[in-house]
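Build out the structure end to end from the sequences listed, making use of the hints.
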Amino acid sequence: MARFVVRRLLLLVPILLGLSILLFAWVRALPGSTANSLLGERGTPETIAAVERLYGLDQPIAVQYWKYLKQSATFDLGTSAQTRRPVTDEMVRLFPGTIELTAVALVIAVGVGVPLGYFAARRYGTWLDSGAIVGSLLGVTIPVFFLGFLLKYVFAIKLGWLPTAGRSDQRILGVDHPTGFYVLDGFITGNLAAAWDAFKHLVLPALALATIPLAIITRITRASVLDVVHEDYVRTAEAKGLLASTITRRHILRNALLPVVTIIGLQLGLLLSGAILTETVFVFNGVGKFVADSIRFRDYAVIQGFILVFAVIYVVVNLLVDIAYGLVDPRVRVR
Amino acid sequence: MSLSEAEARVDTAVAAEDVGGSLLKEAWRRLRRDPVAITGGAMVALFVLVAVIGPWLAPYGPSDRAGAVTPTMIPGPSSQFWFGLDDLGRDELSRVILGARQSLLVGVVSLVLGMIGGLTLGVLAGALGGWVDSLIMRIIDIVLAVPGLLFAIGVAAALGRSLQSVMIAIAVVNVPIFARLLRGQMLSQREADYVSAATSVGLRRRVVVFRHILPNSISPVIVQGTLTLATAIIDAAGLAFLGLGGTDPSVPEWGRMLADSQDYLSGAIHLAIFPGLAIVFAALGFTLFGERLREALDPKYRR
Amino acid sequence: MSAVARTWTGRSGPTSLLEVRDLEVIFTRRGRRDVRAVDGVSFSVDAGETVGIVGESGSGKSITSLAVMGLLPNRGCDVSGSIRFDGTDLRTLSRDQMRDIRGRDIAMVFQDPMTSLNPVVTIGKQVAEVLERHRGMARERARVEAAGLLEQVGIPDPQRRLTDYPHQLSGGMRQRALIAMALACRPRLLIADEPTTALDVTIQAQILELLKQLVAEAGTALIMITHDLGVVAGLCDRVHVMYSGRIVEAADRHPLFAAPRHPYTGGLLASIPRLDSARGAPLTPIPGSPTDTLPWARGCAFAPRCPNVQDDCLRTAPVLEPLPEQGGRELRCYHPLPAPVAVEAVTP
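Protein sequence lines, in the order shown, are assigned to chains A, B and C.
Using the numbering used here, read the first sequence as starting at 1 and increasing by one per residue.
Using the numbering used here, read the second sequence as starting at 336 and increasing by one per residue.
Using the numbering used here, read the third sequence as starting at 639 and increasing by one per residue.
A portion of the hints provided could be inaccurate.
Unchecked claim - The calculated label-pair distances, taken between Cβ atoms and stated as ranges, are:
1) A:D232 with B:A527: 38 to 44 Å
2) B:D468 with C:M752: 31 to 37 Å
3) B:V387 with A:L11: 34 to 40 Å
4) A:K67 with B:R400: 53 to 59 Å
5) B:S413 with C:T666: 53 to 59 Å
What the hints assert, rightly or not - Chain A residues, not near chain C, derived (Cβ > 10 Å throughout):
6) V63
7) L151
8) G160
9) L258
10) R296
11) F297
12) V328
Claimed, not checked - Here chain B is said to cover these stretches of chain A; the calculated rule only asks that three of the stretch's residues, wherever they fall, bring their Cβ under 8 Å from a Cβ of chain B:
13) 136-149
14) 269-279
Bear in mind the hints are in silico, worked out from the structure with no lab data behind them.
No experiment lies behind these values; they were computed from the predicted model shown.
Beta carbons are placed, not taken as given, at the ideal position from N, Cα and C, and that holds for glycine.
Structure below.
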């Protein structure tokens with residue numbers, strides 16, 4: 001088992017290295033020289049030369065790359081052109097919001113998707129089944145930002161049940177944010193009104209964000225359960241006269257959910273990308289909105305930094321999922 | 336036995352295995368009777384038609400001021416303007432119709448580019464194996480390490496704000512899908528009996544690949560192409576929404592129209608609904624058809 | 639008809655453990671013709687008796703056993719007739735009641751041991767769960783008992799095997815484990831559907847021996863379903879031969895093998911190489927294939943392939959009739975193979 005983990009970890013290295021090379025090349029490919037992109041249009045030949053010396057840009061490529069690698073490893077990702085603050089600081093400030101959003105979206109996607117897929121499969125050919133198929137089809141073809149608009153319009157603007165934008169209502173006073181996770185902070189500081197308020201701000205964006213993963217998880221679960229239900233070992237379990245609940249739990253689900261575990265890691269990538277769009281629609285101050293703004297402001301340092309961080313997170317999470325799968329499926333684990 | 340005689344023998348043996356032709360015919364028969372496939376196909380046809388004849392179909396030009404608007408009073412759908420007017424007084428229906436052209440263009444071009452790149456890499460990796468295969472797979476892993484949209488953003492940002500950069504960005508993101516698909520097909524076909532038969536008779540590897548393995552690998556590629564076209568349209572809209580993509584205001588683009596509608600959500604929701612529905616319509620058509628195509632082409636596919 | 643009085647009128651009596659009467663299973667599918675998988679089957683099994691059901695694939699033998707177990711799907715499947723187990727018609731029971739009976743009173747072993755076990759649950763657990771379910775054992779006790787059962791079926795080192803997963807066992811071992819699961823609660827009837835077909839030839843003999851021994855020890859009745867007459871010869875007290883959904887011949891073991899009456903049975907026997915046949919003697923397969931059948935509604939289903947076929951065979955289907963013979967033979971044929979030389983009818 002340990003060997004399995006170490007082997008997977010080692011595979012990570014070339015991928016991350018390759019990624020860093022890719023990003024490094026990417027920055028140099030950006031329109032204008034690097035100095036220009038850092039200075040914007042305000043660079044004069046003298047300041048450009050000075051910046052280049054300052055950032056070591058007049059040194060050979062290999063040296064520059066090595067510096068870049070070192071900097072990234074020590075979490076120095078440059079400075080944001082928009083806010084003039086270190087990219088790393090901005091990330092630390094904004095990530096908790098996105099994590100909250102992503103977490104709620106994942107809970108919705110799995111919490112609704114798995115049961116829906118299961119029941120659609122068990123009631124194959126009924127309205128529920130057809131509904132689930134149609135639903136997941138729509139879920140994948142409706143763009144996240146369009147859905148966000150619709151949800152915002154219906155529930156926030158027209159019905160007024162939920163807030164239209166932001167992470168919290170500015171009018172609630174005396175709010176402390178020790179961790180940056182607004183809902184959690186509300187509980188920690190005993191300010192339940194703040195926690196509830198933060199939660200209400202999460203609902204609509206999380207719903208919009210969850211749609212695509214929800215659709216995919218429903219589909220995969222349904223297909224998997226349909227496969228498993230026809231397997232010989234389920235017939236054996238029936239022949240043993242086991243209770244229906246036992247068969248469902250130990251024989252059907254434990255096998256059917258294995259493929260679902262695998263794709264949960266992939267869903268994270270969709271969630272992170274989708275967050276960029278969703279946070280923009282709901283003016284939700286997380287990492288996603290910051291990246292979207294950076295596109296508009298040509299703040300390349302930010303884009304580069306976030307691509308690197310997102311990639312690392314994504315790769316690590318998928319590794320964890322692989323390991324988890326190894327724990328759950330004995331055929332992989334035991335020799 | 337001469338080589339050509341041997342080839343002829345293998346051809347007849349392969350014909351029994353080579354289900355390419357008969358499978359397609361069988362699939363077409365099934366599709367013709369499938370209401371979902373027909374619906375999808377009709378939606379695709381309508382989309383393509385509107386995209387092609389758009390300029391002749393639209394009642395107004397993309398920049399024509401068709402009516403008067405004020406910041407607080409933007410007319411919605413009426414008998415005169417079926418989709419209403421936008422914040423600059425332009426006819427929304429015309430803009431949506433003309434936007435179809437952009438979407439189709441970006442979708443098809445990025446799909447084709449992505450397929451060319453991906454299939455080439457896939458064939459190389461599958462046919463040559465060895466270090467070529469490993470290298471190509473590593474590169475693909477690196478590309479896949481970055482979530483799709485983010486990668487596209489990176490590429491598009493680096494290439495500048497234009498339609499071409501969006502097309503290239505989406506193409507690049509789709510390369511891994513096709514590369515893996517074709518490589519997988521080739522690997523599994525390589526083990527097939529008819530390949531052993533062909534090589535044992537002495538056929539050169541290149542011949543085996545091009546004349547036998549590739550035609551058998553086509554159907555999943557066609558299916559994936561259809562489905563990828565749907566996602567390409569959505570991704571293109573997403574990139575446009577974020578500000579990447581063509582900046583010419585006289586060329587309507589559905590994603591950008593959605594972005595522009597953000598400020599007018601409460602007063603003029605129709606500015607968001609019609610472009611949005613158009614995107615869904617186009618993507619749904621391809622997806623429905625592609626899914627049914629997949630089922631029709633796979634002899635074992637029950638669901 | 640001989641002057642000797644018929645001594646035998648019906649096969650089943652008040653001692654029958656299982657009594658199947660006029661069982662019919664019809665599969666319906668939208669847009670396609672109905673398939674009469676089982677077309678009027680009647681037989682019985684006494685306590686402790688070993689009965690063989692022989693037939694080719696498509697004869698309906700497996701479906702019959704699934705019907706007895708209540709494992710046929712709800713949709714697309716019409717079942718009629720009666721299945722009396724210990725006096726109770728199983729078809730009148732609720733789903734929950736059938737669940738109680740399965741595994742506890744009637745158990746089944748299936749054909750393919752490679753796919754019949756849950757790959758992500760340990761062998762020990764899969765055996766223990768039967769005990770937990772039907773004998774209400776606590777987990778630990780069930781585990782201990784499971785180890786004992788694994789030993790009984792001849793699995794070496796059973797303690798260690800408890801924590802093994804199915805993919806760590808060979809095919810023969812897996813089938814033994816499945817037999818252990820089936821017999822865990824000492825059911826009174828065991829149905830084995832081609833239990834050795836998927837195994838190596840050498841293992842086949844071992845598994846059959848094991849089954850023979852276990853059912854003898856526990857007094858379990860056994861229904862052995864197979865296409866292989868060789869399996870039946872060494873194992874069964876009584877044999878039913880099925881063709882195209884109906885029983886065409888039924889007899890005790892020795893009379894059947896000594897003198898088959900139905901041409902199909904004769905054909906099956908003739909197509910097996912025998913130790914006592916002359917060297918170089920050709921094998922005689924049954925002409926045609928299982929798909930060359932008539933529906934019973936139009937005559938005898940076997941007619942297209944039958945060496946004795948005549949006009950009346952193509953008009954109406956023959957009925958299953960008892961013959962005046964020791965042990966009681968039933969035959970569904972107008973023109974059977976010649977009767978054995980000396981058959982004594984036993985007077986009551």
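Comparing the hints with the structure gives:
Taking 38 to 44 Å as the suggested C-beta distance range, the pair D232 (chain A) and A527 (chain B) does not conform, at roughly 27 Å. A C-beta distance of roughly 32 Å is found between D468 (chain B) and M752 (chain C), which places it inside the suggested range of 31 to 37 Å. In this structure the supplied range 34 to 40 Å is violated for V387 (chain B) paired with L11 (chain A), their Cβ-Cβ distance being about 48 Å. Between K67 (chain A) and R400 (chain B) the C-beta distance comes to about 55 Å, which sits within the given range of 53 to 59 Å.
Remark: the range hint 53 to 59 Å for S413 (chain B) to T666 (chain C) is upheld by a beta-carbon distance near 55 Å. The Cβ of V63 (chain A) lies farther than 10 Å from every Cβ of chain C, with a closest approach of about 53 Å, so its non-interface assignment holds. No Cβ of chain C comes within 10 Å of the Cβ of L151 (chain A); the nearest lies about 39 Å off, and the non-interface call holds. For G160 (chain A), the non-interface assignment is confirmed: its Cβ lies about 47 Å from the closest Cβ of chain C, beyond the 10 Å cut-off.
With a minimum CB-CB distance of about 8 Å to chain C, L258 (chain A) fails to clear the 10 Å threshold, and the non-interface call is violated. Separation of R296 (chain A) from chain C is adequate, the least Cβ-Cβ distance of about 50 Å exceeding the 10 Å criterion. For F297 (chain A), the shortest C-beta to C-beta distance to chain C comes to about 51 Å, beyond the 10 Å cut-off, and the non-interface label holds. The claim that V328 (chain A) lies off the interface is violated: its Cβ sits roughly 8 Å from the closest Cβ of chain C, which falls inside the 10 Å cut-off.
Counting residues of the segment 136-149 of chain A whose beta carbon lies closer than 8 Å to any beta carbon of chain B gives 10, which reaches the threshold of three, so the coverage claim holds. Residues of the segment 269-279 of chain A with a Cβ under 8 Å from some Cβ of chain B number 7, which satisfies the need for three, so the listed coverage holds.
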